[in-house]
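J.: What follows is the residue order along each chain.
Protein chains: 2
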Amino acid sequence: MRKTAILGIGQTKIDEQWDKSLREIGGEAAFAAMQDAGMDRVDALYVGNMLSPMIDAQNQLGAYFSDWIGLWRQESVKVEAACASGAAALRAALMAVAAGNIDSALVIGVEKMTDKAGHDVTSALATAADADYEVEQGISFVGINALIMRRYMHEFGWKHADFAPFSINAHANAMDNPCARLHQRITVDQFERSSMIATPINLLDASPIGDGAAEVMIVPAEKVASVRGRPRITVEGSSSATDSIAVHSRKDPLFLSAACDSAKRAYAMAGLAPEDIDVFELHDAFSIMAALSLEASGFAERGQGVRLGLEGAISPNGRVPVCTRGGLKARGHPVGATGIYQIVEVVQQLRGECGKTQVAGATTGMAQNIGGSGATILTHILKAN
Amino acid sequence: MRKTAILGIGQTKIDEQWDKSLREIGGEAAFAAMQDAGMDRVDALYVGNMLSPMIDAQNQLGAYFSDWIGLWRQESVKVEAACASGAAALRAALMAVAAGNIDSALVIGVEKMTDKAGHDVTSALATAADADYEVEQGISFVGINALIMRRYMHEFGWKHADFAPFSINAHANAMDNPCARLHQRITVDQFERSSMIATPINLLDASPIGDGAAEVMIVPAEKVASVRGRPRITVEGSSSATDSIAVHSRKDPLFLSAACDSAKRAYAMAGLAPEDIDVFELHDAFSIMAALSLEASGFAERGQGVRLGLEGAISPNGRVPVCTRGGLKARGHPVGATGIYQIVEVVQQLRGECGKTQVAGATTGMAQNIGGSGATILTHILKAN
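If you read the sequences in order, they're chains A and B. For the first sequence, my numbering puts the final residue at 385, and the numbers step up evenly by one. For the second sequence, my numbering puts the final residue at 1385, and the numbers step up evenly by one.
No lab work stands behind these hints, which were simulated from the structure alone. Where hints are given, some of them may not hold.
What the hints assert, rightly or not - Listed below are the simulated DSS-like cross-link pairs for lysine-lysine, each with C-alpha atoms no more than 25 angstroms apart in a straight line:
#	chain 1	residue 1	chain 2	residue 2
1	B	K1003	B	K1264
2	B	K1264	B	K1251
3	B	K1003	A	K223
4	B	K1223	A	K3
5	B	K1223	B	K1003
6	A	K20	A	K116
7	A	K13	A	K116
8	A	K3	A	K223
9	A	K116	B	K1116
10	B	K1013	B	K1116
11	A	K3	B	K1003
12	A	K3	A	K264
On a predicted model such as this, the values are computed, not experimentally measured, just so you know.
Just need the whole structure built from these sequences, with the hints factored in.
T.: Structure follows, in structure tokens:
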């Protein structure tokens, strides 16, 4: 099994892009990634996307993007795992390059949510949950997360304001990221007085949707040296794990067992431990998910993820820097694209390209992408060398 | 890169299964494949499906089926490439096992079409075509195939009845397949007098949809010997290629260039030529596609695929046996599952389990799965050894 490297990255700004179609958004980031990699062709295309059949009435995004980008005749396919579609597409590409079957793969994470060909976004997002046993009962996706957050607060004795540091950190970090959807600092007071969505989740606990694409070019590590003075970014760990799709079937609804399983396997593959990770791009779709992700991945004890925020450990100069480019909360959450935005951001940190939110001396970064309320979770560990 | 083998197969009957849900159908074939392989666990699950977000309001089928089948915590993901989703999921599984990352993978091809959570099946199927440049203009998927067939008849001088042998052969072969949807012999006269759908495609040119699941268990070839007296079935060739998603963008709308590219690569990988293939499970979604698939895969000259049917070469005792278990036409076409039904049927042939439609002495078989009107095409070559 060959080791793989990330040679190029590209991304679009996350926004309501009413003037651009799905293919234009995906194409824009593709050309950026290819240019960044200095490549004008690739052997295969892997697309991560969740909603296009419903929102854009378009399936078969593999061929669709090969066609649009001009990579005719190449192998192309779409991978879907709800909000973890981006990382799942990355992992499929990594396997194909590792197997030696192909020598380069472009991974496209793309989502166009501000369009609709029949479905509203809320019901389209609900397809990440269990249609028979959750959604049919009338619950929305934010509703499921609200139940988890409420139980967490009850079980471990935290109050709503204790989650504020996650959102405040994300918003502060996004100020320096031109691709972020939101550029606006927030305070604890604003966090507490924000509009309620589904108690206890309010507007500033929740990440905004958006249109966007982020892309990476994967090649065998042996074929890359430091390019143009940049360090070589290798993939040291890659793992995917699952849990029950419905929350009520889990042994413990407050523990992301798939995050724990996938993080453990990724650490083992990389020969690393949580304390070796310099930057952690986690999946803060809701502030409760940031806490649960930190706990399941070995950065905090059960019920204590919130404490890392309160102690200031999560800022770019803290002990466990998270969401250094704004996270899902402020960079935005174009669902199927998010997993690749996280990878792009880790690469930017390892290249030292993050300006005011650069983590000093970062050489090892981790990204964790969550599908549904924790049913599919992928963890990737990258290293500069 | 490790060589892979198919250790187990399972399938359900294709039908309108109103009494069974998506998860029950997928689970039924999963247990059959695991039992056939003599395995009660697998390292990873790959699901091929096209329509569940639209028809069943369910995404994230990887975790969904891991959960239902009881393969908790395992890696799972869904792969989509329209009607080629089944073979695309197989190929992703083959890459992961070949890379050495996992030692076993269950590939689920599943589709439940006789349910609806918002979309009618015709508009859901149209997502395989180009939403902006084809579907938006009002054409359906059968309409696109009708334009291709009409042009083919005009260009090469064939009349409608010349396509009859494809459907007659498929219906005759399905008589001996208990999983086939249709058990009814047809004649040229019936073929000619069947109800028109979109001129010149009539009801007996078109494959019926249905609910069904077909599944295969993939393991490294080195770990398998002949089991229980059955030959070892190895994967000798696997390839995927694309063409423009819209027909009008193709250099020649009457040539499946992605079938040609993927077949050539699969032959090269296997070290074989068309004349070495003992049985060919092709993608006869419409009779015209059977002709085009034979031509692009090297079994007939341009415009002469139809002649193979007229000469009787396509029957189980002919020179190029196709659709030996009924093909899409009579076995049925549960779209995302079809690619795996084809693989299951090739395995049955190579095991010598096909009764009246057994191809005598078959040791090498090929399956070709087509997404859209030819935008994504995968070719797999299997061998008994």
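J.: Of all the hints numbered above, which does this structure not satisfy? Sort the numbers upward.
T.: none
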